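For the protein sequence lines, the chains are A and B, in the order given.
Count the first sequence with the numbering used here and you get residues 826 to 937, in order.
Count the second sequence with the numbering used here and you get residues 623 to 738, in order.
Don't read these hints as lab results, they were simulated from the structure.
Bear in mind that the values here come from a model prediction, so they are computed numbers and not experimental data.
Backbone N, C-alpha and C define an ideal beta-carbon position, used for all residues, glycine too.
A hint or two may mislead.
What the hints assert, rightly or not - Ranges of calculated distance between the beta carbons of each label pair, as one might list FRET restraints:
no. : chain 1 : residue 1 : chain 2 : residue 2 : range
1   : B       : Trp644    : A       : Thr837    : 30 to 40 Å
2   : B       : Gln672    : A       : Gly826    : 44 to 54 Å
3   : B       : Arg638    : A       : Leu937    : 45 to 55 Å
4   : B       : Gly724    : A       : Glu894    : 13 to 23 Å
Said to hold, decoys possible - Heads up, simulated DSS-like pairs for lysine-lysine below, C-alpha to C-alpha not over 30 Å straight-line:
no. : chain 1 : residue 1 : chain 2 : residue 2
5   : A       : Lys934    : B       : Lys666
6   : B       : Lys666    : A       : Lys877
7   : B       : Lys705    : A       : Lys902
8   : A       : Lys893    : B       : Lys666
9   : A       : Lys881    : B       : Lys684
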Amino acid sequence: GNSVTQMEGPVTLSEEAFLTINCTYTATGYPSLFWYVQYPGEGLQLLLKATKADDKGSNKGFEATYRKETTSFHLEKGSVQVSDSAVYFCALRGGGGNKLTFGTGTQLKVEL
Amino acid sequence: EAGVAQSPRYKIIEKRQSVAFWCNPISGHATLYWYQQILGQGPKLLIQFQNNGVVDDSQLPKDRFSAERLKGVDSTLKIQPAKLEDSAVYLCASSLQGQNPGDTIYFGEGSWLTVV
Chain A
826 GNSVTQMEGP
836 VTLSEEAFLT
846 INCTYTATGY
856 PSLFWYVQYP
866 GEGLQLLLKA
876 TKADDKGSNK
886 GFEATYRKET
896 TSFHLEKGSV
906 QVSDSAVYFC
916 ALRGGGGNKL
926 TFGTGTQLKV
936 EL
Chain B
623 EAGVAQSPRY
633 KIIEKRQSVA
643 FWCNPISGHA
653 TLYWYQQILG
663 QGPKLLIQFQ
673 NNGVVDDSQL
683 PKDRFSAERL
693 KGVDSTLKIQ
703 PAKLEDSAVY
713 LCASSLQGQN
723 PGDTIYFGEG
733 SWLTVV
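Bound-form chain A, shown alone (with noise of 0.2 Å):
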């Protein structure tokens, strides 16, 4: 079935530090890729999306690729604030299963 792995957390940086947070997927066929953001206390929130290989989603500052060679989908941000504290999920749909699967989470804590 479909699965997604993500580095484990906490990670800690600086205020203005660049960000590379890594997910990784497996599944059949050509399924779209995701991540969410959850703010302590909220629910999650759509971050970006991507749909098919080589899309770049982006929003905020953040962005990531769909690399079908490596079934990956990295988030980057080149220059995180303190407002971006949040647990960050990757997840996907599709390719062989129609649900939302998400990864475990990977905690991000950005220090002045």
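The hints should help you fit chain B onto chain A, whose structure is shown.
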């Protein structure tokens, strides 16, 4: 546009008691989902409705969990009797249609359940 509404936000119950959560999806969304998120884990799908029919309930513990979506709009998730391991956040979500993998799924703020 109003988002997915859930209530109650927080609930504490004793084991073997019952609890119910309510969800109102985004207007016009045909597909409704209930997810369970245990602390430190990613959300897990419990049940998916397409209008008022069940599409997937393969991971719903049917001996204690039940869900319904009467009239294809609001939904209720019930747990009876609750166990300690049911302590989690119960997330309701909705999407326009269920068949397109690229459709965005929108989540509510969640109902936080603690079983003591």
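Find the hints from earlier in the document that the structure breaks and name them by number, from lowest to highest. 2, 7 and 9
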